[in-house]
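The whole structure should be built from the sequences, with the hints applied where relevant.
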Amino acid sequence: MSTETSSPLQKKVIESESAVVRFAGDSGDGMQLTGMQFTDTAALLGNDLSTFPDYPAEIRAPIGTIAGVSGFQVHFGSKEIFTPGDNYDVLVAMNAAALKVDLPRLKKGGVIIANIAGFDKKNLNLAKYPEGASPLDDSSLDEYTVHKVDVTKHTKDCLAASGLGMKEIERSKNMFVLGLLFWMFDKSPDSTIAFIKEKFGKKPEIADANIKTLQAGWDYGDNTEIFNTRYVVNAAKLPSGTYRSITGNHATAIGLIAAAEKSGLPLFLGSYPITPATDILHELAKYKTNAVKTFQAEDEIAGICSAIGAAYVGNLAVTTTSGPGMALKTEAAGLSTMLEIPLVIVNVQRGGPSTGLPTKTEQADLLMAMYGRHGEAPVAVIAASSPSDCFSMAFEACRIAVEHMTPVILLTDGYIANGSEPWLFPKAADLKDIKVNFLDKPNGAEGTLLPYKRDEKLARPWIVPGTKGLEHRIGGLEKQHETGNVSHDPMNHEKMVAIRAEKIQKIADTLPLAKAESGKDKGKLLVLGWGSTYGAIKTAARECISEGYDVSHVHLRHLNPFPKNLEEVLKSYDKVLIPEMNCGQLLQLIRGKFLIPAIGLSKVQGLPFTTTELKEKIVELLK
Amino acid sequence: MDTTVTENKLTAKDYSSSQEVKWCPGCGDYSILKQVQTVFPDLGVPKEKFVFISGIGCSSRFTYYMDTFGMHSIHGRAAAIASGVKAANPDLSVWVISGDGDAFSIGGNHFIHAMRKNFNLNYLVFNNQIYSLTKGQYSPTSERGKVTKTSPLGSVEEPFNPSELALGANASFVARSLDRDPKHMQAVLKRAHAFKGTSFVEVYQNCPVFNDEAFFAFSEKDTKKEQAIYLEHGKPLIFGNNDEKGIMLDGLMPRIVDIKANNIPHDHLWIHDEQDKTKANLISRFFNNEFDGVVFPRPFGVIYAKERPVYEEGMTHQIEQAQKLKGKQSLDSILSGDKTWEIK
Ligand SMILES: Cc1ncc(C[n+]2csc(CCOP(=O)(O)OP(=O)(O)O)c2C)c(N)n1
Ligand code: SF4
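As they're listed, the protein sequences go chains B and C.
Be aware that the first sequence starts at 1, since it is given in the numbering used here, and climbs by one per residue.
Be aware that the second sequence starts at 1001, since it is given in the numbering used here, and climbs by one per residue.
Simulated from the structure, these hints should not be mistaken for lab results.
For every residue, glycine included, the Cβ atom is placed at its ideal position computed from N, Cα and C.
Treat the hints loosely; a few may be bogus.
Only part of the chain C face toward chain B is listed, based on derived beta-carbon distances under 10 Å [claimed, not checked]:
| no. | residue |
| --- | --- |
| 1 | S1060 |
| 2 | T1063 |
| 3 | Y1065 |
Okay, structure coming up:
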């Protein structure tokens, strides 16, 4: 859906509802920054959007190789956008390897902006093109619009008089590309100029060089004959209010801060760096002003153990990690289950097993979250569905942990952790308080203390060291009902196992009921999703519905316990489809618990679902 | 640390919990428990501010027997949990209880990092040179050649020397005591408590069931004067049945000399200086036949004690500085970040 008009500059203007741009280059080319700047500008100008940063696995793969390609994809529109887009309209390829890696998902007829300096003999070789062949010179790109631009040379020309060294000049070339893209999409470079000024406040010569190059990129688009088409994507009709852009990891971090504030508890994070969870630690480490304590532990075990210690003495305690680190934390997670203390464990899932695909996404730790402890050790499990939802779910994890005295596992994944979207952020006053109940006097008959006496939610009291008169010991050994004393009585153990399970199930009393986000409450096909597949499922469901298909979408944020009405909801549809970036983990849970023949759709490629893949499956099932 | 004295002075009994103590008869752990309970009323800490964090092992049951706050946790991880306790609430008096397997084997990583990070807490390792709770396997402190069920032909590993390990990991306080010398242990415990930083105390503990008499050479009358040496800051290193032997330093080489036969004045001997790291390193190596094949007496007492910045103060200081410079950020400003836009 696009309309063409002619601008006064004799350039064609194509107006479209949305566009997908992919910036790709060597990991040293600054594509992430370029993509983020483009995104920020699109957001500021009112587009809805979704991004997908795609990093190489190695920090510094050899320059120019396929392994070293770093991509940043942004999908922006004048309509609501839920995914970074299946295929792109514009591909910026800074070198031959980038073209090779990313060409397959460029739309037919799409635009390629190729930096010809990145297509010399050496680069073509590194990208493994046949000897003597260049995709820019043969007919292999005939079905695309190819703009060959010598970005490197233009940047050098533009900065020849700047007095900067060759290295610094080279480093500015991403700004040329950004300027050109701003021109192509008719977006003002003002906010990037402001960003550059701030970032290089202490190095004005670098700031000037970047701004000059950015401007040169814009002028190049404006003046060069070959660029005869501009694209306009108007502002989206989003709910009114004040927006910001946010990544999932950043949202998780401030969700935790908000929960600390709303519970009145000090925030403690015990963590060990691991991709893609580390940014939560980075982010929280900045909030010393708000008395946030971040502890970089010697390993993941110490990360969770320090958090257990902090929770024990009354902090809102969190540990963050990703798959392999999660595996190391399991024994301590079992301890926290026995202690019945509030603890939030964030697992930003990545491709596994083992070191697996550290920079790629997957949602294959669901069963681990549900069952990955020895003994019968149920904990609450919840999952975020989008970058901004990480905020809500981090807050929710804290609420459940504190109000129900239990460890809570929050699952996010690399896709939403690094991806960003515009966020209609809440006001502090709109966030609900989290109720904390510290015990300060004996709670048993005749002044005795019952550390494991439970309330109506089956939660035990939080008794922090330092509280006079309430000295007592807890630990990982099975405890006697209510007194918490060590007990090896067989019947008591069975009873405690049942109580701990029931306590988790009781959380469902406080949860919203499951409800279709798209489609009807009854019908032919339900697509049941969880976690980061949200955007792709939602887009696919909406498109299918608009094409007349009877399909609905329910998305689970609470996985243990499930919403109370889930069984009823599932049974309101003829068929249930469960798409997951794993081999069918929610599928097993749903089939096992509700005895329904749900159908799975698996994708385990380290990549999120595309809308097309989901639509195909939906249509197939409705045939 | 809050050091206000509680009004009615408590007694050792007040620190004894209602739980039945379940160690074997004759176990050295009883003595350690008794000495801790004995010194606690004198430490000037309100009872509710004591927290014991233990791992898993016979020794780690200790926590249940103290009428204070406490957590019996998981194998090897007590130090890691204690670091969170201390970081979150620096006001508590935190005591880590661990065994040789717990601290140096499964918990080895946490042990060395605890020494390095230097939280202000007390870290007691009950060393019986054996895994007792799991019924008698060799431990990382068992001597080479130790015959156990997992080493029927004798272990082929070299043991850790805990004090050397601790110093190597940059410990700020290293001491050794033993279960069969109550007065000495009490004194060392008091020193450990008073010291600001991670106080590592290795306590030789007899396990009569799985490794009986492992340290009797250092505790029994007929051998101890020859085989053990008691360190005191500012005092010369003297030992022997008739206090006739002294230790001198010849460059960096310790030598055992006969003071009486050679008429050596005390001030020519090695004078113990707790704050001298080099000397502490040498003393900690009085362990095996480290120096020219000569057997040196095993040192007891405070081997090294030198205060340096403690972790939780650094952490608190940074927070205070940040708050002073920038002030607390309102939740609304955190939620909005610094770049927003309006949609009407
Ligand atoms: C993860 C884990 N591995 C193994 C064990 C079994 N285990 C319990 S105590 C122990 C060794 C205890 O030895 P030590 O720390 O020397 O304490 P002692 O019993 O001698 O006081 C072992 C191996 C365990 N509880 N947890
Ligand atoms: S087995 Fe040894 S260490 Fe354990 S309680 Fe018995 S005597 Fe003590």
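Against the structure, the hints:
Checking C/S1060 against chain B: minimum C-beta separation of about 9 Å stays under 10 Å; hint holds. Because the smallest distance between the Cβ of C/T1063 and any Cβ of chain B comes to about 6 Å, under 10 Å, the interface hint for this residue holds. Checking C/Y1065 against chain B: minimum C-beta separation of about 9 Å stays under 10 Å; hint holds.
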